[in-house]
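A.B. asks: Per the numbering used here, the first sequence runs over residues 1 to 223.
Simulated from the structure, these hints should not be mistaken for lab results.
Every residue, glycine too, gets a C-beta built ideally from N, C-alpha and C.
Possibly wrong hints are sitting among the right ones.
[Said to hold, decoys possible] Label pairs and their computed distance ranges (CB to CB):
1. Gly145 / Gly58: 14 to 22 Å
2. Leu160 / Gly95: 13 to 21 Å
3. Lys191 / Asn35: 39 to 47 Å
4. Lys59 / Glu180: 39 to 47 Å
5. Lys59 / Asp31: 16 to 24 Å
6. His125 / Ile146: 21 to 29 Å
7. Ala182 / Asp151: 31 to 39 Å
8. Lys59 / Met198: 40 to 48 Å
9. Glu157 / Pro199: 36 to 44 Å
10. Ile149 / Asp176: 34 to 42 Å
11. Lys52 / Gly145: 19 to 27 Å
12. Met83 / Gln195: 39 to 47 Å
13. Arg169 / Asp31: 17 to 25 Å
[Claimed, not checked] Mimicking BS3-like on lysine-lysine, the simulated pairs with C-alpha atoms at most 30 Å apart in a straight line are:
14. Lys119 / Lys184
15. Lys184 / Lys115
16. Lys184 / Lys132
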Amino acid sequence: MGKKIGLAAYLIDDPVQGALFFLGKKLAVKDSKGNIAGIIVETEAYGGAEDKACHGYGKRLTPRNKIIFQQGGITYVYFCYGMHHLLNFVLGPEGVPMAVLIRGVIITEGKELVKQRRKGNPEHHWADGPGKVTKAMGITLADNGISLIGDRIWVEESGLEVPDSEIERTPRIGVDYAEEWAKKPLRFVWKQAMQRIMPSLINASSSSLNKDRVKTACSPTTH
DNA sequence: CTCTCGATTAGCT
DNA sequence: GCTAATCGAGAGA
1 MGKKIGLAAY
11 LIDDPVQGAL
21 FFLGKKLAVK
31 DSKGNIAGII
41 VETEAYGGAE
51 DKACHGYGKR
61 LTPRNKIIFQ
71 QGGITYVYFC
81 YGMHHLLNFV
91 LGPEGVPMAV
101 LIRGVIITEG
111 KELVKQRRKG
121 NPEHHWADGP
131 GKVTKAMGIT
141 LADNGISLIG
151 DRIWVEESGL
161 EVPDSEIERT
171 PRIGVDYAEE
181 WAKKPLRFVW
191 KQAMQRIMPS
201 LINASSSSLN
211 KDRVKTACSP
221 TTH
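Please take these sequences and the hints and turn them into a complete structure.
C.D. replies: Dropping the structure here:
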């Protein structure tokens with residue numbers, strides 16, 4: 001097991017910095033049936049200023065969102081669309097709602113267990129979405145609010161270097177209701193992750209990974 | 001491969 | 001009541 005990332009990394013007050021920092025890092029979960037780990041390849045930044053898509057927007061405190069107001073370094077797991085759990089890392093000082101949503105992971109350890117959990121799905125779709133990440137890694141509401149420096153869920157320093165040129169920035173997914181905040185480019189995808197980490201899966205996966213779900217700026221070139 | 005649509009329920013108004 | 005930081009099946013190409 002590699003060295004855990006310490007508390008200081010979670011106490012930053014900029015969710016964008018956090019979303020970038022965790023790309024390429026190894027996320028690990030200790031399960032009674034064995035450890036599962038993978039490289040984080042997609043994140044979204046929430047919070048800061050007046051982010052209307054953040055569950056802590058307006059500083060309304062509710063039973064669901066109270067965790068996101070706590071000091072960074074813990075998980076924020078919540079139940080979404082009636083059937084999915086979504087994993088966030090809480091950032092920042094107490095009282096400030098900030099988090100990074102973990103949207104995609106490439107599983108590198110504990111594959112046998114994940115294969116069972118994600119039965120019926122090809123490997124490149126094991127954890128390529130926020131609901132799939134938690135399902136593959138066995139994360140549920142029981143993990144809400146636990147320490148990320150503990151022995152159940154943690155992030156390791158031994159990550160991979162992610163070149164800036166391989167990071168794609170797009171608006172966040174599924175937050176159309178957030179008015180002007182819906183369009184802000186706060187989603188980060190490590191485009192070349194699969195070929196860097198699991199090149200053997202490229203053949204099987206063709207070109208569907210990292211597709212643009214959201215239109216990006218038009219190219220100013222040609223014509 | 002892409003697109004559409006139904007599933008299913010906690011949390012809020 | 002209504003909506004939601006989504007997924008996967010099914011149909012068409």
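A.B. asks: Are the hints correct? Go through all of them and say.
C.D. replies: Now for the hints, and whether the structure bears them out:
no. : hint                        : result
1   : Gly145 / Gly58: 14 to 22 Å  : holds, 21 Å
2   : Leu160 / Gly95: 13 to 21 Å  : violated, 34 Å
3   : Lys191 / Asn35: 39 to 47 Å  : violated, 28 Å
4   : Lys59 / Glu180: 39 to 47 Å  : violated, 19 Å
5   : Lys59 / Asp31: 16 to 24 Å   : violated, 36 Å
6   : His125 / Ile146: 21 to 29 Å : holds, 27 Å
7   : Ala182 / Asp151: 31 to 39 Å : holds, 38 Å
8   : Lys59 / Met198: 40 to 48 Å  : holds, 42 Å
9   : Glu157 / Pro199: 36 to 44 Å : violated, 24 Å
10  : Ile149 / Asp176: 34 to 42 Å : holds, 35 Å
11  : Lys52 / Gly145: 19 to 27 Å  : holds, 24 Å
12  : Met83 / Gln195: 39 to 47 Å  : violated, 32 Å
13  : Arg169 / Asp31: 17 to 25 Å  : violated, 33 Å
14  : Lys119 / Lys184             : violated, 35 Å
15  : Lys184 / Lys115             : violated, 35 Å
16  : Lys184 / Lys132             : holds, 24 Å
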